[in-house]
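Visitor: In the order they appear, the protein sequences are chains A and B. Residues in the first sequence are numbered from 9 upward in steps of one, following my numbering. Residues in the second sequence are numbered from 256 upward in steps of one, following my numbering.
Among the hints, erroneous ones may be present.
Interface residues of chain A toward chain B, partial, derived using beta-carbon atoms under 7 Å [as the list claims (entries may be wrong)]:
1) Gly-29
2) Val-36
3) Gly-40
4) Gly-74
5) Gln-76
6) Phe-180
7) Val-278
8) Gly-279
9) Phe-282
10) Tyr-289
Under the rule of at most 20 Å between Cα atoms (straight-line distance), these lysine to any residue pairs were calculated in the SDA-like manner [as the list claims (entries may be wrong)]:
11) B:Lys-410 - A:Ser-244
12) B:Lys-269 - A:Ser-293
13) B:Lys-398 - B:Asp-432
14) A:Lys-248 - B:Lys-269
15) B:Lys-269 - A:Val-297
Estimated spans, in silico, between C-beta atoms of each pair [stated by the list, open to error]:
16) B:Gly-400 - A:Arg-386: 49 to 59 Å
17) A:Glu-86 - B:Pro-408: 20 to 30 Å
18) A:Arg-232 - B:Gln-397: 44 to 54 Å
19) B:Glu-540 - A:Thr-124: 50 to 60 Å
20) A:Gln-121 - B:Ala-331: 34 to 44 Å
21) B:Ile-629 - A:Pro-25: 25 to 35 Å
22) A:Gly-333 - B:Phe-354: 49 to 59 Å
23) B:Asp-377 - A:Leu-264: 36 to 46 Å
24) B:Arg-268 - A:Gly-29: 16 to 26 Å
25) B:Lys-398 - A:Pro-101: 48 to 58 Å
26) A:Ala-304 - B:Glu-540: 47 to 57 Å
27) B:Leu-306 - A:Leu-264: 25 to 35 Å
Calculated directly from the structure, the hints in this document are not laboratory data. Glycine included, every Cβ here is placed at the ideal spot set by N, Cα and C.
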Amino acid sequence: MFDQIVAISLLNLASIPRRWGASLVIVVGIAGVVGVLISVLAMAQGFNETMNRTGRADRAIVLRGGSQAELSSTLSREAAQTIDDAPGVKKDPSGHAITSDDVVAILSLPLRQGGTTANVTLRGVGPRDAELRPEIKLIAGRLYQPGLREVIVGQSAQQQFSGIELGRKIAFRDSDWTVVGVFESPDSHASEVIADSEQVLAAYRRNLFQSVTVQLEDVSSFDRFRAFLTSDPRLSVDVKRENEYYAELSKQLGTLLTFVGYVVGGIMAVGALFGALNTMYSAVSTRTVEIATLRAIGFGATPVLISVFIEALLLSLLGAVIGAGLAWLFFNGNAVNTLSGNFTQVVFHLTVTPALALVGITWAALIGLIGGLFPALRAVRRPVVEALRGN
Amino acid sequence: MKYFPLLWSGLWRKRTRTLLTLASVTIAFLLFGLLQGVNAAFSHGVEASKLNRLYVQSRVSFTESLPIAQMTQIEAVPGVDAVSFANWFGGYYQEPKNFLPSYPIEIGRFMTVYPEMLLPPDQVEAMIKTRTGAIVGVEAAQKYGWKIGDHVPLKSAIWTHPGGSGDWDFDIVGIFDWPADRNQTNALYFNYKYFDEARSFGKGTVGWYIVHLADVSQGGRIAEQIDALFANSTDETKTQNEKEFSQSFLKQFGDINFIVSAIIGAVFFALLFLTGNTMMQSISERIPDFAVLKTLGFTDGGVLALVLGEALLLCVTAALLGLAAASAAFPAMKTFIGVAELPGQVILLGVALAILLAVVTGLPPALKVGRLAIVDSLRGR
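Just chain B, same shape as in the assembly (with noise of 0.2 Å):
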């Protein structure tokens, strides 16, 4: 620490070109926290899946339903804890850009194989007593300013009435939370016997079956038995665990993160050739400087290590500042990804590239640097 003031001042000697490279490294983290926030917040749903439940899905693809009577079937595979299952509805409020994933459900089912969801029980009850009822999460709520008790009219752009008309009538009986996971909280659930009961087409199916596992080692067997069932026949399965499962919706968008990849690699090798031409100018204007220090006693690796401590000082406090301004930034995204904060990992990684980036382009300098022998450098040559 008692070096501080000296690294600080060989920093500040010449205020422009310090200030200049700080401000293209911080410009850099921005990015790079800001790309990398966005794209592990895409895989987020991936982290935060769970091995223990299974999805059984069409095996032509997830938009072909499944008949109904399935359902028993899978229960009765061994090693099953609890199966539920949901459909989907592409359901909106007022205006399709009002999008709001809605699905219907049963909810004593589902609340048995996710039970991150938290519902009071008498909303449960009254969601179970209510044919038109439905619960929805607190974003949602927050943002149509819904509560109990209200009715909601929905359309859907898939869903149809016998008359031909896609509206569908809700009645809110409760508001449910997702404290693993926030972003669960911008659906809607309904019952699925409203849904099943007035719907044109499609009667008898489901989407997806959600199966719970007793235990997770035996998630691979289970996922082959119950494919097995239904093998030859009209309506075929394909079992993945929840993991598998989002990772195939993610994949579908194509490689986000070799093109998020690509750009950081395009920055940080611009970066690198910046900061090390800067660190260079600055040591060898300087050369004289650190005769000197020699001749007041530093060692060699006295001296090196303070070059490099210039280096780290400027890529780890530059790193930060770009951080912090893409952790600013997040909260405005959050209706384009839909999480509010930059992960801490991407932080972490953000200070681990710094310290390297203030190595890779520090070490040369420094070695030079601790390599100087004094007469010839007090001469200035």
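Bound conformation, chain A alone (with noise of 0.2 Å):
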């Protein structure tokens, strides 16, 4: 039995150069299907992991009430003050609350690709920024200093943005601010122009902070720390864990995209199943008479049965690889840059991961199977008298 489907199998795969034309149809469709379908997951799992290592669980966001998002939140000075002073955050050894009172503008920046401008955030960033937000890691030049008109750049900020390099001024409000240093940071924060907050208050003539960020003691803290908040009756503000804050953020985009990859590539399997069916049809007829012989000489159904399959299997294992081949080498890694939730751009990198790849195989392999049922069934079904007479 075994040997016989080895026997067919490699029957029907040295024939496969003899009808290359129809061989390439399942090959070039499943490449297309797999490969259409990880490039839009990867942009999707890129996203995702942007935002999802943006934000920590021992560290806490507060928002105005019912704002959302940092942009359309308020909060005034003594809101923040009792946010800094709140019981479960945690101090450094010189005894001040490790938080930074953020302020929260939007730049318009000239984006290196087409000369159009888009939005950055400008963050103003407390005295204690550096200890509450360690990943924050300067690459180049210097820190801001208080008191002056600078600012420091993120790297995909930088890497999407003109007239933002090390030395440069930006111009806006009444004022030229010099780029002193350039920062890299794992998250979407590396999107950001950072600045000191006082600097932006003045500057935009505001004097209310966006959100304020926390350290806490530790993980559990944050339920007294929030109890504390949301029971002021002078407050009204949603507290949240800051990972759980930039998960919801981009929650909306992550979805849509994952929900476009499979909606876009479902279709486009379905098609590639029709191309399959058909170039498996066609193979099982042009070798009916191959066929009917081998079963007149002893061959059984069941190995003829499997053969089809493997050739469709393989044939579709084969466009599955070129596919996310394909997808890997063009886009793994690429920047993409879209609006995030609030309103600014955020830089992510399409990254095919095996998961994706194995996503797509398994489609593959799914497409292949049902393309090669039912034409491996008919090839069998034939009475083999009269599949013989090569009608």
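Two independent chains are provided; combine them into the complex using the hints.
Guide: Take a look at the structure:
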């Protein structure tokens, strides 16, 4: 039985070069499906990874009640002070609470590609930001000095926008701001421009903060911290763990990208399935006499059936590997920018992971199996005598 | 037309193969219709935009407000017909997911710069007289079941009263239509005066100005002149025409157009292979048949046309089926993209693509058949 399967399968595969055109239909069709599926899912993956890396469970972010995102939130100085002093917030050795009262504004800067302008987050942070967000690391230049109109620029922002190289001046509001440093950060802060909050407040003639981020004593002190703030009648605030806040912010786009990937990929898969059926039917029908001969000299129906399966499966897998390979080659690591929940650009990288490749290969195998099933059944159902006549 | 039965029987010779090819081409055009349709829906706002309107926003970013005192200065620029303004309100009804595009405006000014908005005169009058009055578009009114006289509480994600609450109350005094662009009727407009008096910060500022021009050709000059007025002040402006303004929003979503074209490219490449291969197979099986046709007196060109005709019939039928399916799916996507029907130009483009596909895949076998030598072919070789 097993010998028969091997014998017929080898025979089939050996004949593929003679009908390359038809076999290529499966390979190309499936490569297309898998390539598109993986590329779109890689976009969702990259976006989610970037956003999930932003924020930690042992930090909390406080916004005005009902404001959903930093940009629409406002917190007065008194409110910010109350939040800084709340119980559950970690203190540094000198006794200062490790917090940052952030001012968030939007800057319009020209994109490197196309020259049109897009929005960048300008974040004014408090004096203890370095302790609060140790993941932000300078890679060139120095930190801004308090009291000066100086900014540091995230690496991703710098890749995406022009005119913010080290030493350049950005003109906004009533003064020039000098880029004195470049930082890297594993999260969405890398798409931002950071300055001293008091300078930003002064330049924008504001006296309201957008959010307060605090370092909690530990992960479990969050409940105490939140209970204190939400029970204070002078405050109307939303308190969230930082990681949950960013996850919520990105959920919509991440879900949308995944949805688009599966819908478009699914529709394409149905198209490719018809293509695969077509190819396998014609592969079987050109070999009608051959198959009948094999049956006549004693080969069983099952080996014939399985051999057709094997052919369809191998061609599909070849297509899947090509599709996944192309997606990886062209798109893996590509920087993409889009609008995030804060109306500003967030830069992320397309990430083709082995898990995604596996999804693509599974789809291809399914298409191949279904595409091979019906033609295989037809091949073995045909009465041998009739098939031998070649009609 | 008299050759139609001949084309038909040619295609129907191998029913499974034809049906499968038809199905995969149909699927490809379904995808084309959906993607291209969504793309067209996104750029619809850009297409519908008018060049005789300029948008003045803060140069720093669109979220920064401008002082309302700038309005009289803009009005004084020669060539400016009328000026209106609006503010971003960030309103939602009951829950954040019921997001409602809502803007504080001054109704008289607003209707001068947007003559496309239709509102009965008595309702305009009521809007002016009612401090907490609001007008709502037909689609939004239908969605939430609002009618004139209703009292509607909205929440703002941005603006608070001095007490810190983000709850705002409005009385619906009118329902407007916007026949040129149905998307616009998802919005709500209310009195700026009420808004400015009741908000706790940002008083005396507006989000952006809309400038109506007497003469479109003066747009570039006037835009420059407005920006020059406020250059080097604390509130520098950026003035764009409506088209640039809506494009700048679209561009920020990343390159939707590129992604859509790339997917469609991949689909059609795969398809070209499939259809081309099917046509080749079907023709080479029928070489003796074509030789008989030639013996009967069909010219080389005639046989060539027959083969091409088959390809055309197959591709165009499939394209129409696929586009019809896409068009049927469109109403279901209305909530995501705001447009309920497949734009006409997408259908035309689809049919043109189908013809191109038929020619590219049908031509090589057609040429082969056209060049057949009768004697050799009758032998079946």
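Visitor: Evaluate each hint against the coordinates.
Guide: Hint check results:
The restraint placing A:Gly-29 at the interface with chain B holds, with a minimum CB-CB distance near 5 Å, inside the 7 Å limit. Against a cut-off of 7 Å between C-beta atoms, the interface hint on A:Val-36 holds, since the closest Cβ of chain B lies about 5 Å away. Against a cut-off of 7 Å between C-beta atoms, the interface hint on A:Gly-40 holds, since the closest Cβ of chain B lies about 4 Å away. A distance limit of 7 Å between C-beta atoms decides the matter here; for A:Gly-74 the minimum to chain B is near 5 Å, and the interface restraint holds.
This hint holds: A:Gln-76 has a C-beta 5 Å from the nearest C-beta of chain B, less than the 7 Å allowed. Given hint, A:Phe-180 at the interface with chain B, holds; its Cβ is 5 Å from that chain's nearest Cβ, closer than 7 Å. The restraint placing A:Val-278 at the interface with chain B holds, with a minimum CB-CB distance near 5 Å, inside the 7 Å limit. Of the supplied interface hints, the one on A:Gly-279 holds, with its beta-carbon coming within about 4 Å of a beta-carbon of chain B, less than 7 Å.
Because the closest C-beta pair between A:Phe-282 and chain B is about 4 Å apart, less than 7 Å, the hint holds. Hint on A:Tyr-289 holds. Least Cβ distance to chain B is approximately 6 Å, under the 7 Å limit. A distance of roughly 14 Å separates the Cα atoms of B:Lys-410 and A:Ser-244; the hinted pair therefore holds under the 20 Å criterion. Only pairs whose Cα atoms come within 20 Å are accepted, and B:Lys-269 paired with A:Ser-293 is accepted, the gap being roughly 11 Å.
A distance of roughly 14 Å separates the Cα atoms of B:Lys-398 and B:Asp-432; the hinted pair therefore holds under the 20 Å criterion. Note on A:Lys-248 and B:Lys-269: the hinted pairing is violated, with a Cα-Cα distance of about 64 Å set against a maximum of 20 Å. Among the hinted pairs, B:Lys-269 with A:Val-297 is consistent with the structure: their alpha-carbon atoms are about 18 Å apart, no more than 20 Å. The hint said 49 to 59 Å for the Cβ distance between B:Gly-400 and A:Arg-386, and at roughly 57 Å that hint holds.
Take A:Glu-86 and B:Pro-408: their Cβ atoms lie about 28 Å apart, and the range 20 to 30 Å holds. The given range of 44 to 54 Å is respected by A:Arg-232 and B:Gln-397, whose C-beta atoms sit roughly 47 Å from each other. The hint said 50 to 60 Å for the Cβ distance between B:Glu-540 and A:Thr-124, and at roughly 55 Å that hint holds. Hint check: A:Gln-121 to B:Ala-331, Cβ distance near 39 Å, so the stated range 34 to 44 Å holds.
Hint check: B:Ile-629 to A:Pro-25, Cβ distance near 32 Å, so the stated range 25 to 35 Å holds. For the pair A:Gly-333 and B:Phe-354, the beta carbons lie near 42 Å from each other, so the given range of 49 to 59 Å is not met. Taking 36 to 46 Å as the suggested C-beta distance range, the pair B:Asp-377 and A:Leu-264 conforms, at roughly 43 Å. Checked against the hint of 16 to 26 Å, the C-beta distance between B:Arg-268 and A:Gly-29 comes to roughly 19 Å, which is consistent with it.
As the Cβ distance of B:Lys-398 to A:Pro-101 is approximately 57 Å, the hint placing it in 48 to 58 Å holds. A:Ala-304 and B:Glu-540 have their C-beta atoms about 25 Å apart, which leaves the hinted 47 to 57 Å range violated. The beta-carbon spacing between B:Leu-306 and A:Leu-264, approximately 32 Å, falls within the hinted interval of 25 to 35 Å.
In this structure, the hints that do not hold are numbers 14, 22 and 26, in rising order.
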